[in-house]
Amino acid sequence: MTAVSAVTIATRDLLAWVKRIGTRGRLIAPTPGPGGDVLYTAVSSPEEILWDFENPLAPPKQFLLPQTDPLVHIRRNGKGVAVASVPWPGRQILFNVRSCDVKAFAYLRKAQARDLSDEGYLARDDQTVLVSLACTRPCPLGFCLCCDAGPFLKDGYDLQLTPLGGRMLVEIGSAKGGELLEGGEDWFRPAAPEDLERRKALEADARRHFGAETCHFGSAMRRVSTGRVPAALWDKMADWCLECGGCTLICPTCYCFSVRDRAEDGGWTRCRIWDSCQYPAFTLEASGHNPREHRGKRVQRRFFHKVSAQYYQRDGDLGCVGCGRCIKTCLGTTDMPAVVAAIRKGEWHG
Amino acid sequence: MADLFLPRVATVLSQRDETPDTRTYRLGFRDGAGQDGFGFKPGQFVELSVFGIGEAPFCLASSPTRRDALEVTVRRTGELTDALHALAPGDEVGLRGPCGNGFDLDAAEGKDLLFVGGGIGLPPLRGLIWNVLDQRARYGRVTILYGARTPTDLVYKDELKAWAARDDVQCLVTVDRAEPGWEGTVGMVPVLFDRTELRPATTLVYVCGPPVMISFVIQDLLMRGFGEERVISTLERMMQCGVGKCNHCCIGHRYVCRDGPVFSYREIRSMVE
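Chains as they are written, first to last, in numbering that gives the first Met the number 0: chain Z, 0 to 349; chain W, 0 to 272.
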């Protein structure tokens with residue numbers, strides 16, 4: 000707790016604070032959706048915000064990497080065209096984001112910053128404030144513990160909230176986060192030693208409640224990185240993959256995309272649109288050649304990107320934050336813990 | 000790079016049919032000044048777009064030593080290339096790039112150079128060949144071996160003749176199937192290996208063509224004593240962004256659009272996915 004400063008705010012003052020935050024940019028938070036779902040949406044009144052919820056199936060990545068993401072305006076201009084980059088709307092605050100998803104944003108930033116950096120994405124990220132809500136209980140399918148992505152975070156957030164009962168602990172992780180406290184001096188008081196003790200105890204308790212069956216990446220990483228997983232095992236693991244792409248679309252760290260021109264009045268907008276390495280046409284070349292025609296090869300690709308040592312060294316992190324969404328969404332069983340277990344044991348349960 | 004995805008507008012200056020389905024375009028930036036600022040290496044590619052249809056990667060087929068225009072040679076094979084073939088001089092296209100690593104010209108200095116092209120695989124080599132020929136004194140012997148399915152499918156027919164006529168270049172051409180009037184060699188590209196003097200110890204080989212051709216040419220070269228690091232090829236993958244972000248062209252953790260498309264056979268063989 001040394002580098003982090005922390006304050007507390009009484010629960011009764013929370014909504015007033017959130018209301019003020021809403022004046023600083025677009026406020027996005029978990030809200031009740033249709034059919035009992037929880038959705039991250041832009042909120043107009045703080046009363047809509049959920050404080051105790053199971054992490055939604057759709058991660059908040061769409062607020063930095065929209066499914067259809069306008070990049071370039073192309074406008075007819077006489078006989079020719081005029082092209083211009085599409086500006087990003089501005090500041091946004093992502094509120095009550097779970098630890099795993101906060102960690103995923105850090106991963107996405109690294110991927111966009113490395114090598115040729117996507118300055119457009121980095122500018123968005125700079126204009127985004129992440130307010131994390133620590134998890135005092137594991138969610139039913141989560142294994143963030145194995146990915147160093149929760150249930151509480153050490154860093155990577157702008158603010159981290161922990162409910163202490165009657166008051167909220169607010170840990171400040173960045174200057175951007177600190178700005179959200181400005182003007183609310185009456186609400187905040189420095190965290191007392193017992194507040195920090197309580198936070199520690201809550202984290203320890205949350206960690207104890209993870210099941211014994213978690214996700215052991217170490218040996219899977221070794222085997223995937225050296226190409227030592229037999230093709231027949233990949234094929235078996237892919238056997239119940241229906242090629243729906245769900246695992247990648249709801250994955251908070253997946254960012255594969257294609258580029259398409261969308262027709263509009265007066266021209267087109269060139270958009271980055273989500274794509275999935277699990278789709279057969281992802282690697283289909285104009286010649287008809289497809290290096291990943293077989294489903295097993297595509298499943299292999301997905302897990303190589305997530306857990307190989309090559310990517311771990313490149314990105315400094317696993318491509319998995321243990322949110323468990325792939326477990327929930329897969330109509331078969333080709334999810335992260337199942338695949339990691341199969342690679343370790345050398346056999347598929349199916 | 001300020002904006003990875005923002006194309007520059009270029010104009011079709013002229014076009015030339017190479018084969019019934021393949022055409023070479025000469026392109027110039029709309030703001031003429033852009034031409035001089037566009038530095039590239041042979042083997043690099045551009046993301047070329049027809050506005051409203053989309054963009055795709057095409058290798059630069061011209062040499063950086065010739066700055067009056069950029070050239071790409073395009074085979075008609077899908078939606079975008081259909082749209083490209085419908086363009087006429089004066090029409091506008093989008094250009095992003097240059098992308099990729101390109102050929103290492105410094106490494107080629109002083110060496111004998113052997114170019115082995117198949118079909119539509121000659122365009123990436125053509126930029127390198129003209130670069131070498133425009134600075135001829137820097138390199139050793141230059142040998143160009145080229146094969147296509149039929150005489151009709153040969154690209155750059157005039158240049159093949161011009162290269163063959165030079166006494167500082169050996170240029171041999173073969174076709175898989177002859178047509179009436181063809182008096183040259185018939186057979187797959189490796190038949191030409193026996194018609195030239197190969198010097199594995201002093202030569203760098205550049206191989207480009209369809210995957211199956213690359214594969215049997217490289218195996219043949221290895222049998223004839225060329226080292227894996229001396230055989231240089233270009234890989235193709237489905238690409239979207241061209242800047243190492245979209246993940247379409249990955250082989251393992253290597254990105255064909257950034258780490259390639261030029262790789263030595265030693266690098267290709269070490270790839271794990």
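If you're looking for bench data, these hints aren't it; they were derived computationally from the structure. Note that this is a predicted model, so its numbers are computed, not measured. Mixed in with the good hints there might be a few duds.
Said to hold, decoys possible - Selected chain Z positions facing chain W (Cβ under 10 Å, derived; list incomplete):
#1 Val80
#2 Arg90
#3 Gln91
#4 Asp124
#5 Tyr254
#6 Asp274
#7 Arg294
Glycine residues also receive a C-beta, built at the ideal position from the N, C-alpha and C atoms.
Going down the list of hints, with the structure as the test:
no.	hint	verdict
1	Val80	holds (5 Å)
2	Arg90	violated (21 Å)
3	Gln91	violated (21 Å)
4	Asp124	violated (14 Å)
5	Tyr254	holds (8 Å)
6	Asp274	holds (7 Å)
7	Arg294	violated (15 Å)
In summary, the structure is inconsistent with hints 2, 3, 4 and 7 from the numbered list given earlier, while agreeing with the others.
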